Amino acid sequence: MKFWAASSLVALATVCLAAPSIAQQSASNPMPQNVVPDKVWPASAEQVDYTALQKLPDWRGLWSPMMGEAAKPEIPQLKGKYKAHYDEIQTLIKTGDPEALLKVERRASACEPPGMPGIMTQPYNLEFLFTPGRVTVIQEAYMQVRRIFTDGRPLPEDPDPTYNGSSIGHWEGDTLVVTTIGLRDGGTMGRWGITYSDKVKLTERIHLDPANKDVLIVENTFEDPEALIAPWHSVYKFKRERGFDQIEFVCAQNDRNPINEEGEVEFLGVGD
Amino acid sequence: MRMKWLAAFAVASLAAAATAHHSFSMFDMKKDVTAKGTVTEFKWTNPHAWMHVDVADAKGATTNWAIEMTSPNNLVSVGWRRSSLKPGDKVTVTYHPLVNGKAGGSLVKVVLPDGKVLENK
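As given, the protein sequences belong to chains A and B, one line each in that order.
Just so you know, our numbering puts the end of the first sequence at 272, numbered straight through with nothing missing.
Just so you know, our numbering puts the end of the second sequence at 1121, numbered straight through with nothing missing.
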């Protein structure tokens, strides 16, 4: 989007030097010719101040979810179809059906990412990168990325719903406060049958544990005028690993667990 | 990497956390089967590593089993490498079998020809 605008001159120059067939393809590009960015925000600006990064807390290393530390979630005060959905999954859980969650949270593919906030707690690790005006979160599983802009820009007014939404953040001391909107209707706030609408707003307060600098705490607050009567809260904890780096993870490389029309995960063995 | 897969399963089964790729309900996680066999294929891939193993039954009939593991990202932290197995290796595998009775399962551990044990974590 912005990248296109920023790089359009370079692209144009390249096209002019390229074969006519490529130029013809560019002529049919649906991107309007007269789009100019409203403003270049600091995260992408030519003049940047890296010195400000020195004041930020040390979040280097990799962060693995401490699932055993997960507190029992609050009982959400849901309404409408979101309450009906929650009640359905709670009934399934009480039956002891190990597929209960999957039956309600159907996906098109086992490689489909969970979206926010599930991206934060997949059983792999997170990496945080600080650059001027921006925090980037990389989830090792499927190499997913979250972009949190801390350069003062506002949230988009009418974002297309996406798996990880649109996020802006700011620092309150050593706590990164992140606001996310633009999530897809039906996404889960947690794997307890608690789902949100596309009007959900998530606020995360992310900081190191004052008692242990190798523990990262994420405090979530969900507000949703369509799904929730009152805000719903959850807390995630992560343990730091400094001795490892993330490894490439391409889920499409050898996915032998397709999901069938009944929503069941299959296992493609020898000859299947 | 370094995530304890089975621990993740245990939590997931309590409906309190996410599994990355798929649930383990297709496997009989309370049942361990141990068999001797010969590796025919080893796939060091995501989202799962796999081994195929020829296992002979009591009557001498051989079946090729597909055994799923967690990912290379996790396995490297418990000693696995892409060269840990190769076709022709005589191994002893322990796995949770598929519930549907097909020739597949989720690996618990494998004993390599030199006696080294690699776990699926």
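The set of hints was computed from the structure by calculation and includes no laboratory data.
In this text, all values refer to a predicted model and were calculated from it rather than measured experimentally.
Each residue gets a CB set at the ideal place from its N, CA and C atoms; glycine is no exception.
Hints are supplied without guarantee of correctness; some may be wrong.
[What the hints assert, rightly or not] Far from chain A, by Cβ distances over 10 Å, these chain B residues were calculated:
hint	residue
1	K1031
2	R1081
3	S1084
4	K1086
5	G1088
6	K1102
7	L1112
[Stated by the list, open to error] Calculated lysine to aspartate or glutamate pairs in the EDC-like style (CA-CA distance at most 16 Å, straight line):
hint	chain 1	residue 1	chain 2	residue 2
8	A	K201	A	D255
9	A	K199	A	D255
10	B	K1102	A	D160
11	A	K201	A	E266
12	A	K201	A	E219
13	A	K79	A	D255
14	B	K1043	A	D245
15	A	K237	A	D160
16	B	K1102	A	D272
Against the structure, the hints:
no.	hint	verdict
1	K1031	holds (14 Å)
2	R1081	holds (13 Å)
3	S1084	holds (16 Å)
4	K1086	holds (18 Å)
5	G1088	holds (17 Å)
6	K1102	violated (6 Å)
7	L1112	holds (21 Å)
8	A:K201 / A:D255	violated (33 Å)
9	A:K199 / A:D255	violated (33 Å)
10	B:K1102 / A:D160	violated (43 Å)
11	A:K201 / A:E266	violated (35 Å)
12	A:K201 / A:E219	holds (14 Å)
13	A:K79 / A:D255	violated (37 Å)
14	B:K1043 / A:D245	violated (22 Å)
15	A:K237 / A:D160	violated (30 Å)
16	B:K1102 / A:D272	holds (10 Å)
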